[in-house]
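Student: Top line first, the protein sequences correspond to chains A and B.
Mapping of the first sequence onto my numbering: residues 1 to 221, in sequence order.
Mapping of the second sequence onto my numbering: residues 1001 to 1184, in sequence order.
Derived by calculation from the structure, the hints in this document are not laboratory data.
You may find that some hints are simply not true.
What the hints assert, rightly or not - Think about it this way: if two alpha-carbon atoms lie no more than 27 Å apart in a straight line, the pair counts; the simulated BS3-like pairs of lysine-lysine are: (1) A:Lys89 with B:Lys1156; (2) B:Lys1078 with A:Lys180; (3) A:Lys89 with B:Lys1083; (4) B:Lys1156 with B:Lys1131.
Unchecked claim - The calculated label-pair distances, taken between Cβ atoms and stated as ranges, are: (5) A:Arg75 with B:Glu1024: 31 to 39 Å; (6) A:Tyr151 with B:Glu1024: 37 to 45 Å; (7) A:Lys159 with B:Cys1020: 52 to 60 Å; (8) A:Asn59 with B:Cys1020: 40 to 48 Å; (9) A:Gln100 with B:Glu1044: 56 to 64 Å; (10) B:Glu1024 with A:Ala63: 54 to 62 Å; (11) B:Lys1131 with A:Lys159: 32 to 40 Å; (12) B:Glu1160 with A:Met155: 45 to 53 Å; (13) B:Trp1105 with A:Ser37: 41 to 49 Å; (14) B:Thr1142 with A:Pro140: 30 to 38 Å; (15) A:Met155 with B:Asp1098: 54 to 62 Å; (16) B:Lys1156 with A:Lys25: 37 to 45 Å; (17) B:Ala1012 with A:Ala54: 54 to 62 Å; (18) A:Ile50 with B:Trp1039: 46 to 54 Å.
Glycine residues also receive a C-beta, built at the ideal position from the N, C-alpha and C atoms.
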Amino acid sequence: MGIIDDNKRQLPVAGNSAPTFLTTKVDFVVNWARRNSLWPMPFGTACCAIEMMASAASNFDLARFGMERMSFSPRQADVLICAGRVPYKLAPVLRRTWDQMMQPKWCISMGACASSGGVFDTYSMVQGIDTIVPVDVYVPGCPPRPEGLIYGLMMIQEKIRNEALADGSLRKEDPEGAGKPEANSSEVRALTGVFGNSTQQEKVSSLAQTARPGRFKDLLG
Amino acid sequence: MTEQLTAIFGSAIVGSEVQCGDQEVLFVEPAQSREILEWLKDNEEHSYDLLLDVTAVDYGSVPGVQVVYQLWSIIHKKLLRIKCSLPENRLKIRTVVDLWSCANWLEREVFDLFGVDFVGHPDLRRILMPKNYSEGHPLRKTFPLRGKFSREKQTKIALEQDYEDYYRPEQLGALGIEPVNDAD
């Protein structure tokens, strides 16, 4: 190999002009390249997107970790960052954006609303984007600080680092599933049930039930 | 002005009051709301020529919906609010799109969220909720907060939307362009 200069002369490589090479595992090289060049597809719909922009700006500077630029085309993106609440009207758009991204691809659900619907337990809001697309990392917060998002992206990097070409169990690639919802009916029911399914309006959150205080007299025994 | 209107429209003027300090509110019967609004717009003495808002309220205590028109007179710098109570079983009122074209989308919004039928509206479709939304009109007090369907059914219906419909300019029938009939 060696280095060729503008005048087609071969320059000596430091210490040794003979062809040099090094051996490594394919997994290591592939994963190293993938995890250090993750381009995010920003799907910002609400206040979380402001924190996502702050993460990309100079103070926090996502580019340090290989998220060199926000890819505003899903065709050139590796990570879908869904930042903000997703109404049902937007659900097919989110699904289409995910389907348009090239394999391999990952997804971050940023903030409470994207992860669970948040406070918007209403008729118009998707109760967690994991019912629409597969999610790798959930970043909690309302909204999460940029450090939180960066930590989430570094968790994806960690996930990629442990991938192996021979073992596909860490990342589901399902081209046949394009356009179909991620969760089936029973999964959607299970995911949203804890927040009170709409067919059972009288049912409140399980948290609210456990937190109900007893009467003062009962507490005294 | 109330006396003037009562002299012309009689019992169609239900009453008037001043709310929030200086907001004149006029209660009218839905059957003649359009004539009254037209008169207020064209009468030179009042000339309420700008329609600021068309909205609706469901108070819950009384079954039905109250349609609200907010008018502004550019010349006289006066505000006027017209309220029109519609009974539960007859949510119909005549459109004012031909008086103020800005009422087009505002009336669509009231139709979408409250289910008020604006008779004579050129393009009465949903504007905020998805096109295939079939749970009803969500801002009514009788509408359950989380919708009428289960979450799984809502998710399924949402993913069945043909979202490209929303952005096809030829489907904007209000512009006077012939809608394209899909052969699907």
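Student: Indicate, hint by hint, whether the structure satisfies it.
Tutor: Taking the hints in turn, this is what the structure says about them:
| no. | hint | verdict |
| --- | --- | --- |
| 1 | A:Lys89 with B:Lys1156 | holds, 12 Å |
| 2 | B:Lys1078 with A:Lys180 | violated, 55 Å |
| 3 | A:Lys89 with B:Lys1083 | violated, 32 Å |
| 4 | B:Lys1156 with B:Lys1131 | holds, 14 Å |
| 5 | A:Arg75 with B:Glu1024: 31 to 39 Å | violated, 57 Å |
| 6 | A:Tyr151 with B:Glu1024: 37 to 45 Å | violated, 57 Å |
| 7 | A:Lys159 with B:Cys1020: 52 to 60 Å | holds, 57 Å |
| 8 | A:Asn59 with B:Cys1020: 40 to 48 Å | holds, 45 Å |
| 9 | A:Gln100 with B:Glu1044: 56 to 64 Å | holds, 59 Å |
| 10 | B:Glu1024 with A:Ala63: 54 to 62 Å | holds, 59 Å |
| 11 | B:Lys1131 with A:Lys159: 32 to 40 Å | holds, 38 Å |
| 12 | B:Glu1160 with A:Met155: 45 to 53 Å | violated, 34 Å |
| 13 | B:Trp1105 with A:Ser37: 41 to 49 Å | holds, 45 Å |
| 14 | B:Thr1142 with A:Pro140: 30 to 38 Å | holds, 36 Å |
| 15 | A:Met155 with B:Asp1098: 54 to 62 Å | holds, 59 Å |
| 16 | B:Lys1156 with A:Lys25: 37 to 45 Å | holds, 44 Å |
| 17 | B:Ala1012 with A:Ala54: 54 to 62 Å | holds, 57 Å |
| 18 | A:Ile50 with B:Trp1039: 46 to 54 Å | holds, 49 Å |
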